[in-house]
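2 protein chains.
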Amino acid sequence: MAEAKKFLYAFEEGDGKNKRLLGGKGANLCEMTRIGLPVPPGFVITTETCLDYLAQKKPGLKPDLIKQIKDAMKELEAKTGKGFGDPAKPLLVSVRSGAAMSMPGMMDTILNLGLNDETAKGLAAVTANERFVYDAYRRLIQLFGSVALGLADEGFDEVFSKIKQKYGVKDDVDLETEGLKEVCTAFLKHLDKEAGRPFPTDPYEQLELAVEAVFRSWMGKRAVDYRREFKITQDMANGTAVNICTMVFGNMGDDSATGVAFTRNPATGENRLYGEYMINAQGEDVVAGIRTPKPIRELRREMPRVYRELEDLRHTLENYYREVQDFEFTIEKGKLYCLQTRNGKMNASALIRTSIDMVNEGLISEKEAILRVQPDMLAQLLHPRLDPKARVDVIATGLPASPGAASGKIVFDADRAQSKAVLGEKVILVREETKPDDIHGFFASQGILTSRGGKTSHAAVVARSMGKPCVSGCETIAINHIAREATVGGVALREGDTITIDGSNGNVYLGLVPTIEPEFVEDLLVLLEWADDISDLKVMTNADTPESVTKARKYGAVGIGLCRTERMFNQPERLPIVREMILADTPAERQAALGRLLPFQKEDFKEIFRIMEGLPVTIRLLDPPIHEFLPSADELVHEISHLRELRNTVEGMANLPDTLKLIAPDLHERYAGNLDLITAGLEELKTRHLDETTLQAKETVLKKVRALQETNPMLGHRGVRLGITYPEIYSMQIRAILEAAAECIKERVRVNPEIMVPQVCTLEELKWVHRYVAKIDKEVEKKYSIKVPFKFGTMVEVVRACMRAGRLAELAEFISFGTNDLTQATFSFSREDAENKFLPLYKEHEILQHNPFEVLDVKGVGRLMMITVEWARKTRPDMKIGICGEHAGHPDAIRFCHHIKISYVSCSPPRVPIARLAAAHAKLKEKEYTLS
Amino acid sequence: MAEAKKFLYAFEEGDGKNKRLLGGKGANLCEMTRIGLPVPPGFVITTETCLDYLAQKKPGLKPDLIKQIKDAMKELEAKTGKGFGDPAKPLLVSVRSGAAMSMPGMMDTILNLGLNDETAKGLAAVTANERFVYDAYRRLIQLFGSVALGLADEGFDEVFSKIKQKYGVKDDVDLETEGLKEVCTAFLKHLDKEAGRPFPTDPYEQLELAVEAVFRSWMGKRAVDYRREFKITQDMANGTAVNICTMVFGNMGDDSATGVAFTRNPATGENRLYGEYMINAQGEDVVAGIRTPKPIRELRREMPRVYRELEDLRHTLENYYREVQDFEFTIEKGKLYCLQTRNGKMNASALIRTSIDMVNEGLISEKEAILRVQPDMLAQLLHPRLDPKARVDVIATGLPASPGAASGKIVFDADRAQSKAVLGEKVILVREETKPDDIHGFFASQGILTSRGGKTSHAAVVARSMGKPCVSGCETIAINHIAREATVGGVALREGDTITIDGSNGNVYLGLVPTIEPEFVEDLLVLLEWADDISDLKVMTNADTPESVTKARKYGAVGIGLCRTERMFNQPERLPIVREMILADTPAERQAALGRLLPFQKEDFKEIFRIMEGLPVTIRLLDPPIHEFLPSADELVHEISHLRELRNTVEGMANLPDTLKLIAPDLHERYAGNLDLITAGLEELKTRHLDETTLQAKETVLKKVRALQETNPMLGHRGVRLGITYPEIYSMQIRAILEAAAECIKERVRVNPEIMVPQVCTLEELKWVHRYVAKIDKEVEKKYSIKVPFKFGTMVEVVRACMRAGRLAELAEFISFGTNDLTQATFSFSREDAENKFLPLYKEHEILQHNPFEVLDVKGVGRLMMITVEWARKTRPDMKIGICGEHAGHPDAIRFCHHIKISYVSCSPPRVPIARLAAAHAKLKEKEYTLS
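Going line by line, the protein sequences match chains A and B. Here numbering that gives the first Met the number 0 is used: the first residue of the first sequence is 0, the next is one more, and so on. Here numbering that gives the first Met the number 0 is used: the first residue of the second sequence is 0, the next is one more, and so on.
The following block holds chain A by itself, in its conformation from the complex:
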């Protein structure tokens, strides 16, 4: 027979690279052990073993596995010189989960296994610290009860509270040995009653049940939800490993401590040890945020030697991992242990700063620096922050646990957060502390505020990983989550009240505080320049006002990929002219109105050309149906009936003096002069605004508005169809572009205009518009004696344009995918209708994984794009091809665009930095890319 399968590995024998088998934490412990870090001895049960367990029909560990565990425990006994279950020198172990992908707080852990009434007594004798032992014992009983037997924590908490009350203490730490012993006894009784079985006194039974519980937690609701939310597939992680590790104790007195630290500051990136610790405490005290810990710099004073060891540890870790590490340590009677380490989660600015620093320190390459920063994280830096000039009302201050500012209505639990967010409300989740069960509340909230816990508390860690603002440990807020209210300095906060939190300074404000645009940090500029050197894809912007164009250039856009012209039409001083143009009865009248629009439009383009200084400016000719510029029929009906009613009233009031004279001559006499005035005023009002001609003019407009109405405006009379039916409009715009360019050239401004035709479905349409362009080009050349350089191209946003790309490329010098419209046409979904009527249900039932208007549908729309690129480049191999739909700024879409060899993406100015970074990522990771 073959040798028995290997279910587990000692830390010194496991392969530190094999996260799939050993889980992230287990592999790490093995690796840490191998590189000589002070890790307490232990072993890892593999993820495969977990899967085997989950696949088996009956509960209980297999005999083979039990045997290997026992053998490994014997080795631990040998290494530590202690005995598992030996009251004389008892060995305690922790049992922790750890999958291939980090899923912080999602699965279970049990500490202090090996304690029972006997070993507790023995340990108390060995350590001469009875209080610590019973504290550890009561922790074990509670954790074992909740994790292995599924009991509620609240039951234990209640028992504990009663005993604290009895002894008149408030904090756990103030409860003396007698009290803790009493707690242990009461816990054992509570467990027996609630679980219907006694607490197992056999340490091996404890161990086996704990391992089973960890295995089962892989399929627990929290873990499954987390994997779905973060899209962790079986390929990425399958099953959890179980890490069994010798316990070391930070709560063995004032020469013991426990803490968590980052090798650099995860909020700012500063290159200094950063973290927190608690004297005489166990690790979960820090994580759960029950006591507020001390900043690590104080350890330098309290335990200078250990602090130096920590500094050494920090450098060892970074030199080996070449990443900022987030590690847990315990000091047991002055000896430092490193319990675990992992790559530190940081906010965007810290990530960027450490990336730049680590390149400068020679630790990592520029490419590695780029890949450390997920493009979407930059959104944190580019989102608004609180306006410093705003008059604000700070009601409390906590710890700045995750940077950024957010406003929203208060909710006191995660379920409420979710149910409100579904309705589109912005909420702030306010809790004493958060737990893994609250994860859905994080997703639903704008930010998180807790009254307890430090900067490494659950709330802080999770919020940072999501890039959501968090203020933690804001102790001045008293929360009553049953009554759904809180008080702070006499102010009552109810559910639904709006507050603002600033995770960068820990402040909490009453009401909504205005925000301002973010500054662009210097470090980011450096990183993005490195990125640009790597990318194939260029990043342009969608912008049409001088402000947005300026901003986009600042953010590094190398051109405007989409300059819409309809917003220019909508400006207050222009709209009346635009309406006049639309309502014109003859081409001549229309021409006259357009003549008055021309100077405006020309000035728009000149301003933009000046800002862009010779970079490409792609101007899309008018796209939306012209009825969008007219008042709505409903509005007009309302206005007309209102005016008619007003006229009736005015007419009625004209009789007022006579009536008054009749029924109250004295009043009439008293007010006669005023009455005359009023009557005259009314008469004038009637003549000026309420005469039949005015009303009829409005009715004529109403009639035209009705005539322009369409059944499906999205598929109606718009884009180039409009350009062909009203050639005057496009002619005016083309003239404005070319004259603006000519005038800029005269001013010695370099220009690079591109004329882009929307909604094209056949080459004939392009030809038609091109004829105007050619004609106007000649006229402009004659007028200014300047040959304006420009390109002519088309949007590809109609499916037929994809099918005919080879033909369109005969005339189009560039094409740009309008993925918004293309997505609508590909799905036959009207965005407006779909998002209101059925898309939410489609997402809920996972009929669609994403809203295709947010995430580019690579399988449908993407296939069309691939076909288009192929056919277009067959005709014109050097064809410049862009994408300017809303998807263009999203990293997944950018990877796809890189893959199909698109030339540039064009996105909104705030997404330009994200797109630049994503373009570099796409290039660096192109080999890994596969189309699903």
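By construction, these hints were calculated from the structure, which means they are not laboratory data. None of the values given here were measured: they were computed from a predicted structure. Check before you lean on any hint, since a few could be wrong.
Intra- or inter-copy, both count: the list cannot distinguish identical chains.
Said to hold, decoys possible - When the alpha-carbon atoms are kept at most 25 Å apart in a straight line, the in silico BS3-like pairs for lysine-lysine are as follows:
#, residue 1, residue 2
1, Lys66, Lys388
2, Lys766, Lys858
3, Lys774, Lys842
4, Lys366, Lys16
5, Lys766, Lys842
6, Lys230, Lys766
With the hints as your guide, set chain B onto chain A.
Then chain B, alone, in the frame of chain A:
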């Protein structure tokens, strides 16, 4: 030097197959000559020579060509023993155009060339028929003037009329020699004055100018318009040949005649010589319809020998050409000449009858028979005819010149016909006679009515070729086209009055006469059975009522490719239940309403299954947005305000008795009893229909209607999206289908249902619906103890479904292209909006060649279809693929569908026969097919 290029060929040397070079008529004359028909000698100038001429810069024929013409004329002189320009024995020739494609009447002809004052005298002496000679001479002068010199016919007509007046005669034929001589002199003078040059007396100058005129006519407006309208490309015909042929004369006295004939009756297909002739007349008298000719059977009596020769000629022609021939003949002093022959244009029923007959006679094969009939022609047979039971008012009767019935408003000229038709009006073109210039009027009209001309007049020939009804030679109608009116038997007809014509019996009716469905002719059945044996494509039908299903089966549909279910919902007794279902506040209420719909729906399906007897019945689950079943918001607003107003009125009237009592007590007393009754009635009206609850219920409906409104309903909440959001609806329909099938099986009716899901864009949607299907299938199996055989498939009408066809095919056992919606999505055109707003302009400017909703857009939509078929069959090689959009019945679309290997087309019942024939054509002509 090489030998000079050959510009012309004598009839006996030209290659009768080379229509490209010699034109249709020229090749024909050569062929006719070669097979021994009595063709007058002559020669053909090639189409290449025409193109050379049109390409040259200066006018005038090249010397080389002139030399060849002169040589050829010398040969003619030798063959005929006459001399061109020789007064002693003058040779006269005709000059006729003739391109590779027949373009009847589109180009120019000049007869009697060679006459001048001298030869006229000579010819008069030779023939002893002075009257004929001057008649010929005056014809030459006029034709030469109009064709070669571009003078208006009206000028000549005026001159002629004056002289007829002078001699007191009405018909041309009554004018004696002296008068005709006077006409010639006057014509020569008129020509000299109008043209600014004298009539050329040199016969060779006449000939050269005539040849040039014919060449030029190729680029004349009429010819260019005709080619564009009939899509004659340069590949099909380029340039016209010129046929120069010895003149023979049907107007040499009462032993001479001219005529046109068909080898079989082109209106009925009867296998008998059919035609018309005129004694003592030239050919153009027949064609122009100036005199009404005699039916050819009378020739048997008038010239029995010649009639027998004609019978022989008919057989010679058919045996050689294996086609019904349309030929012109002239009898010159008892000798028969055949001047030209071509394939006869026939209406559909004649074509079919002759096809069947000729197969039976062994003349042609079944395949040839099928290919003779253009599928679209069958529409003539399948269109409604006048209801024989209609009370009709025959106002006149003319010749049944082109079968079929049509109603429309009278117009008196082609331009009016066109301008009215553009506005969507149906018109009947009413003229004394028609000319080639009127061609656009034919296209625009429903039918043509002429007061002069026979069944081979211009009007008759053109109408038949277009399959439009025509009544010709309706002499009792007096037309005054200047005043735009006509009279017939005292009835005045004005422009805009509606008439109906029946081209099958020559009747003209006042007003619109109702029509009935056509009968299905026996011959067509035979032809279509032959066709079915050949086709790869099956023909199914789109039908959803027992009537239409029955009709489609009669027409040979082998299944229902699209059974819509929404029409079933719209039936009067069901609509209220459907509305109840839509307006239900809870799923339970909805379920209850659906429960009441189920029996109706089941009965619908059972009826259809019974009629189809085991043929496939593809049932599409509900597709349109549900708001289509509700009253429109406007309607409701109107109704509510009307009811409110009514209530006010009723309330006001309640005071009537009291008011009356006060102001007219005597009246009150007299009517007191009635007044009480009225008051009670009003009170009841108010209670029953005008109470607040009723009004509020209507307002609730209005609110729901508003909530269901969509911005772009075409891209909205419909099809499978509806099926997923309201699962009860699809469940009811699926249950109705499967229960109906089970109950039919119990009745021993074979069933073959297919369930088709509309608007699918992703496999997940199909899976979702399939889950209901599987569940209900089990329930039905249990209820009836019968396993219902059925297929499950999807429409492909959303672009994304095309892109995901490979995936959809994993679950879909069949797919069916919905090309209506697919076209909308591919073009981003909403049909309704496009056809109202910009499509007319797009067609006018030829931006689109066709309305893509009428003609399948092979280049765009077709490409998507090809991709879909390829991907779908990759997953499921035997995938059944259909098309059920409106395009499916059109021959061009059918050719394309055959090409991309679609399994079946499904069209409306009347198009089923067309599709069957087109499917056979597609197979027979598949080698010639290329995608443009």
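Okay, the hints, checked on the actual structure:
no.	hint	verdict
1	Lys66 / Lys388	neither (68 Å within a copy, 101 Å between copies)
2	Lys766 / Lys858	between (32 Å within a copy, 18 Å between copies)
3	Lys774 / Lys842	between (51 Å within a copy, 23 Å between copies)
4	Lys366 / Lys16	within (22 Å within a copy, 75 Å between copies)
5	Lys766 / Lys842	between (42 Å within a copy, 15 Å between copies)
6	Lys230 / Lys766	between (47 Å within a copy, 22 Å between copies)
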